[in-house]
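Chains as they are written, first to last, in the working numbering: chain P, 7 to 290; chain V, 13 to 359.
Keep in mind the hints are simulated off the structure, nothing from the lab.
The beta carbon of each residue, even a glycine, is placed where N, CA and C say it ideally should be.
Possibly wrong hints are sitting among the right ones.
Listed below are several chain P residues computed to face chain V (Cβ distance under 7 Å; list not exhaustive) [unchecked claim]: (1) Leu100; (2) Phe101; (3) Ala112; (4) Ile187; (5) Leu230; (6) Pro263; (7) Ala267; (8) Phe268; (9) Tyr271; (10) Met274; (11) Leu278; (12) Leu280.
Taking lysine to aspartate or glutamate pairs in the EDC-like style, the calculated list, with each CA pair at most 16 Å apart, reads [said to hold, decoys possible]: (13) Lys224/P <-> Glu155/V; (14) Lys224/P <-> Asp111/V; (15) Lys224/P <-> Asp267/V.
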Amino acid sequence: MLTILFDGVAYGMLLFVLACGLAVTLGLMNFVNLAHGVFAMAGGYVTVILMERLGVPFLATLPLAFLAAALLGLVLERLLYRHLYGRSHLDQVLFSIGLVFMAVSATDYFMGSEQRIIKLPVFLQSRVEWAGVSIGIYRSLIIVICGVLVVALQAVLTRTRFGARLRAAVDDARVARGLGIDVTTIFAVTFAIGSGLAGLGGALGAEILGLDPNFPLKFMIYFLIVVTVGGTSSITGPFLASLILGIADVAGKYYVPAFGAFVIYSVMILVLILRPQGLFARPR
Amino acid sequence: MMAGAMPEPAAVETSLARVFARRASWRLSEIVFWIGAFLILLVWPSRSLLINEIAILALFALSLDLILGYAGIVSLGHAAFFGTGAYVAGLLTKHGLSDPTLGLAIAAASAAALGFATSFLVLRGADLTRLMVTLGVALMLFEIANQAAALTGGADGLQGVAPGPVLGLFAFDIFGRTASVYSFAVLILMFLVARRITNSPFGLSLRSIRDNPLRAAAIGIPVARRLVAVYSIGAAYAGVAGALLAQTTQFVSLDVFDFARSADVLLVLIIGGTGYLYGGLLGAVAFKAMQDGFATITPQHWQFWIGFVLVALVLARRDRLARLGHQGMSFVATRLGIDLGKMGTGS
């Protein structure tokens, strides 16, 4: 029971790291980016390639996965995404679906369609018994990394100059520009960081979530759930939503496997109907 | 002063009626389109299977056009209704009721009922909520079909679908001759109904809702009721398309509910253009041709190029492209000495 809770928390934390970039683009910049999973997949494959081809140790690949995904995000934002900020949601949906299709096919072409398994170093594979709960070392590592990230993100958003500028740019880009804030750069940097975090999440989660070319499609709905259910006015909303989603998903798969993902979808629809602005957000 | 300049209300009414009648009348290009389609059906029996697929995809895209193009509802889960129609039609023939047309009707009714029920969910919230809800509904149905393996065959698909002869006369053959003619006939009938619907006052009210819901409500259009109605109608159309697929391929697999199917039909409609009924039909032809073409070049990776086309279309501003296409057409038409506006034959 507690083990399930623990695994659920680790899973939820992972989902948060994967999805928090989307919380910014979708929630704050109001851009429906269905291609967010592409960056996560990129991070995962960077780790796979580095470990298999170059023999880089697993932990050392994590920052590189972050950097690679952030770079990819920056390039795509500068080349493509920025043209679509003001466009209709339909255009954004079409564009990002197109990107997903391209990424899925391209990955299939370069990396093969089979599921990739990341071989964790031995010291991360063991489990410890602690107060009657079996705890996986790797999952505790995930919880620690993600917990630090949550705190750091919250601090950056609320305590730093950059965070204040970002919030200003999101609230009213025009006025922010008028005040001399470089909105374009801020959006680009934010997009890159969000993509980088997704890449880090993809690398961290490759072992738990599995990694194959269909990754962006498979987890798209999860990311969207985190953001829409959590609301987008703060970091804590999506964070709590990912925790709930993670625990519910793990527990659901364990206790009522027959229902599969059914429970999650129905809860999502229910939340959207009752509170379209998200569970933890105040209506604007 | 002002009153003197205003024309008589009766005169306004007749002139408006004339405008709408001319709009609703058949254009030469439309007649040419259908004759051309019919000729292809006749002279190209070897591609019957492909023609069947195109007709079904066109009907599916037409159903999305009613919802997206005319009412402005963005849907990421239109496959929900397609799949419902497919499974209903498949299960009906499997359990004894083998008449195809009756199967179509029941499939349409079930899909419409589902559309009616979910329309209330879709009506709440803005674009993003709609996207999520439609997507969620389709995913839920996928899960149900997957888990209820005893009924639907689960991941193995529904086998043993054996529809009887169409109208009791034409049996389905393995070359898809009957299938293609049958699907084509259904497509024409459904198209005629859709054309009637969109040219009716009901259809006009939908367009005004799409362009400005607030203003539409202000002039007395019951916005919510109209949207519920069109969503149900669109669902019924998608259900028929799904039923056609089940009957003509005599198999239903889980991928009728797949996200890729919802995305594909969106792409089909976008290629053809939204909001003029022919968009779905032209888009279906273009999409299948593209898919076929890309598949011969790269059998496994045609999806990459489909995605590429999608991205390119959006970046090139599809609305501008549509206007360019229209201008090009009228330019050619004037060069040929044809006045597009006066081409109506019915008025």
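Checked hints:
1. Leu100: 5 Å, holds
2. Phe101: 4 Å, holds
3. Ala112: 6 Å, holds
4. Ile187: This interface hint is violated because 26 Å lies over the 7 Å limit.
5. Leu230: 6 Å, holds
6. Pro263: 10 Å, violated
7. Ala267: 6 Å, holds
8. Phe268: 5 Å, holds
9. Tyr271: Result: holds, 5 Å to nearest chain V Cβ.
10. Met274: At 5 Å from the nearest chain V Cβ, Met274/P passes the 7 Å test, so the hint holds.
11. Leu278: 5 Å, holds
12. Leu280: At 9 Å from the nearest chain V Cβ, Leu280/P fails the 7 Å test, so the hint is violated.
13. Lys224/P <-> Glu155/V: 13 Å, holds
14. Lys224/P <-> Asp111/V: 38 Å, violated
15. Lys224/P <-> Asp267/V: Holds. Lys224/P to Asp267/V sits at ~14 Å (cutoff 16 Å).
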